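Q: Construct the entire structure; sequences and hints are all you get.
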Amino acid sequence: MHINPLRPVFALAVRRGRPAWLAGLLLALPVFAAERLRPVSFVNDVVPVLTKAGCNSGACHAKAGQGQNGFQLSLLGFEPQEDYEHLVKESHGRRVFAASPDQSLLLRKAVNRVAHGGGQRLEEGSEPYRLLRSWLQQGMIFDRDTAPKLVSLDVQPPRKTIKVKGEQQLKITARYSDGRTRDVTPVALYEANDRAMAEASETGRVKISDIPGNVAVMVRYQGLAAVCNVSIPLGAPVKNLPPNKNFVDELVFANLKLIGVPPSPVCDDATYLRRVSLDIAGRLPSAAEAEVFLASKDPAKRDKLVDALLSSPDYADYFANKWTALLKNKRDGASDITANFAFHSWVRDSLLANKPYDQLVRQLLAATGTIEGNPPVAWYKRVKQPTEQIEDVAQLFLGVRMQCAQCHHHPFERWSQHDYYSMSAFFSQIGRKPTATAGEDVIFHKRGVAQAENKKIDLKAVVRVITQSSTYQLSATPNQHNGVDRQNYSHFYPRRMQAEVLLDSIDQFTGAKTDFADLPAGTRAIALPDNSYNRGSAFLKVFGRPEGASVCECERASSASLAQSLHLMNASDVKGKLGAGGGRAERLAKDDKPAAPKIRELYLAAFAREPQSHEQAVVEEYLSRPREDAQGKPLPPDQARRIAYEDLLWALINTKEFLYNH
Amino acid sequence: MTSPKKSPLVRCAGPVSRRGFMNIGLTGFATLSLPGLLRLRAENAGKPPKEKTAVIMVWLIGGLSHVDTYDPKPDASTDYRGPFKVIPTNVPGTHITELLPLHAKMADKYTLIRSMSHRAGGHPAGHLRMLSGDSDDRDKTAPRYPDWMCVSNYLRSKQAGRTSPLPNYVAINPIEGGYAGPAYLGNAYSAFSITDDPSRPNFQVPNIGLASASESRRLSDRTVLRQNLDSLERSFDKEGELGALDQFESQAVTLLTNPKTRDAFDLGKEDDRTRDRYGRNRWGQQLLLARRLVESGVEIIHSNLDGAICGTAGNNWDDHAVNAHVFNGLRYRCWAYDQAVTALIEDIHARGLAKRVMVVVTGEFGRTPKISFDRSTGAHPASGAAGTLQPGRDHWPRVFSNLWAGGGIPGGGVIGASDKRGEDPLERPCSPGDFLATLYNHLGIDWEHTAINDLTGRPTRIVDGGAPIAELFT
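Chains as they are written, first to last, in the numbering used here: chain A, 502 to 1163; chain B, 371 to 844.
For the record, the hints were derived by calculation from the structure and aren't laboratory data. Careful: at least some of the hints might be erroneous.
Under 10 Å between C-beta atoms, here's a sample of chain B residues computed to sit facing chain A [said to hold, decoys possible]:
| # | residue |
| --- | --- |
| 1 | Thr511 |
| 2 | Ala512 |
| 3 | Phe573 |
| 4 | Leu589 |
| 5 | Asp591 |
| 6 | Arg592 |
| 7 | Thr593 |
| 8 | Arg604 |
| 9 | Leu612 |
| 10 | Leu625 |
| 11 | Leu759 |
| 12 | Glu818 |
| 13 | His819 |
| 14 | Gly827 |
| 15 | Asp834 |
Note that the structure is predicted; figures quoted are calculated from it, not measured. Think of the CB as a built atom: it goes at the ideal place given N, C-alpha and C, for glycine as much as any other residue.
A: Given below as structure tokens:
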């Protein structure tokens, strides 16, 4: 049944301005009696109006954001009890005036009749205005205990295919504990997850723009959220799909067919070798590896390459680098070094041995003892507070961000403060006893035995299934249809190499080495155990190596910056690598071989491919140019060649083809 | 007014100063006022009315003793009062101490806030409170929120129409030690840092202007070669990522090769009188460089008056008795401070920048009005020998002073007041939020509504409580 407490009663009495006696007469009619008896609900009518009008948003009167001018409401109306207190009782009740509702500060501010920092929020005489007004008139009843509870939210349609530039009106139905339902379309809040693809109006009308793909519109009402998933087809013919190698391809290609976005073709061997080496082993393939791979006629050579990379120690180094940053292996003081090295080794060795994921996580969370005896205990050293523990665990291992729910109901998830503190109670059972090392505790779990099923989740299998899929192997070059796609995997999305990988790649390409404190010579940047090396390396800092401060991958900066460009072009450390003694430039300059094979070596080392003929010509011309010193005197040929090779290394490192994994 | 010659301390030998400090005084700009005027006229005639506003923040790391400088308390008892005499300024009723004689001659050009107040008593917390608005008063090893300079840099980078090839945020002697920084905005928005001492004859800014013509030629050879070899298929770049990279690369080449960018950092292009007026020492030349950069189109600048004024000894404003004899320490640095800050303010006015460029001078807090005593470590140049008992002042965030000029501030005002000992605000308390909102407001940034998502995706407002200090402009 559809409830609207206002329409029959107040619509007549107020909107049309009939004399009050007429309203009284109408009220007396039995047909209206049932509706008249239903008073305006604070919980189910008033609070949603305040939320929809934005009164309790963070920047306005939400308590979480201080509450403008001392008027505080709970964020997005999640705590009606508090809202009632603040609205009705606080400030000697000056905000409400039942005897003359229109004189209430609540309404006068809302329509901006008295100066209001937030401007006009409601139209005088509008439906929400009249709702508030009648609630005031009825004596400001607080019905938290009697009001039916909101139990579910239904979006119609929940899933729909809409053409480019199309529109769709959503209908939102709330279901209450007394079995009634109610159309809450006008008072619900709408938000598209990608505004470039769709806009949702205040009234629940979804307008699709011109980008094909999938977009979701989130609908929020009180504590609940629901989603309408929209597919926006491009409608292009999808033929000649690459082979389905596993379930990834089945799902991705089925979606591409649905939305009519044809994928790019599978990339060539050189591109694949470079891409997969960077993604699994965090390094460039060597010139020799490239030569062998390109020459091989084995039809299964790509799959075999993945297996070889996964069983190499580079895989463990590279993924340990990811995991230790997310697990906050941070060096705050000199004494952290032992713990950090131990923890890093534990993660790396676990990955190298392909310890099942569930076992890895269990060893981490259930770790007891000292760091020396049991390195995963170091996580409890880093992440000390139960609130931090629950937030990190939820985000890292459950894929849920709980932070918001510490202070208020999660604004766009179903998690409440109750959930938050119930969950963090697990971690309050962790006992600590200090050790001789400052800041390091012996960890023990006070009670309970965790029973868990051994699932043997294979981490390498995850990487394998992704990198062996045709989807992963698609070319980065878009076709005439799929260029705009950034979410459906119709082509490969190139990424700039991350800081550590780029530094290692430059070292590998130039034949130089970077020295890191307390580590053996030749240690690569992806094998660094903690964040302390960022301080000493301008390179790592400028290219955004994370500090291990957050469990979000997003801490790693991937955006370009002026400092990065300057660094690659002119920084002394990069310059030093170009001319490194015993490095590639020196070796090639001294080598008496003709230019062609040397150019080939450079291209294989930088891009895992052969040079094209025009590149070959450009480089040969550059190498053969006569060169002068600062005074304008011609340089002897060996010096000139050395300079030319350094320039060439510089130019290749500074190309997008080098900087990007594509 | 105290002549520097009477000071008990030996100052810099003055290696480059061409004339006595006393001779410079206010006459330094007499010759500059005419070109200043002409520039003003030219501005009014030709340029579009809306220029991009800018801020220069002069930072006094460690915390300036407010009661010994801008907020004297001559009637406090001797356990509070310092040795410095109170002197009148050219604004009737406004008094400061004899440490700042040049300030006294031009109090009509700046406004003092004597009631800035917060509760973060450690250096990291004080910085984070003032610069990034972190309301948590505990010390931290790194900022949780981006400082206002990075935020402004980030927000301005989203606007079109900037023509200067220079980076938009430059730090001259940057605030370091995790006291400031971009936090979740990422390093792309952090400062272009100048760490070398600009008063050194061979002062150099790395990555600005290549030293020789042959280096420059080599870079251009390399860039041409790179262009010929950069063959990556670019049709995937729908999001403009490569476009942005191209832009940074060409900006980098400009910085490295364009003589104009090199000029912006070349203090040798400044009049000798001007250089003298700012002071031929590190701090003076830092502020001159700030003014020079702001004229070349840099919009966000901070300059930390930290480290050796001249010579090699370390030095900042953190005058605990163990660090320094507070009064000798202030004498040791205030002559240069007085000269540099007043030169900047005068210069901003003389060059017609007083509307566009806002100057703010402050540290993270003030210092305890009550004098404490401890044994010297002897480390500071203005310290007694190790083991001598000497006076000091400790951290005091509850009330302290800032100086504001330019940015349309008419000057001559004093906002707020501290109580009779300088311990708490008595009138018009101002908060770090007010401080930040005032700066954002000048930069045309919507301080009230702008929120930036942190790494958890939570929208975080750039000012959490506070409003621009309107009295500055009346």
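Q: Please go over all the hints and tell whether each is borne out by the structure.
A: Hint-by-hint comparison with the structure:
no.	hint	result
1	Thr511	6 Å, holds
2	Ala512	7 Å, holds
3	Phe573	18 Å, violated
4	Leu589	7 Å, holds
5	Asp591	6 Å, holds
6	Arg592	5 Å, holds
7	Thr593	8 Å, holds
8	Arg604	8 Å, holds
9	Leu612	6 Å, holds
10	Leu625	7 Å, holds
11	Leu759	32 Å, violated
12	Glu818	8 Å, holds
13	His819	6 Å, holds
14	Gly827	7 Å, holds
15	Asp834	7 Å, holds
Of the hints listed earlier, those the structure fails to meet are numbers 3, 11, in rising order.
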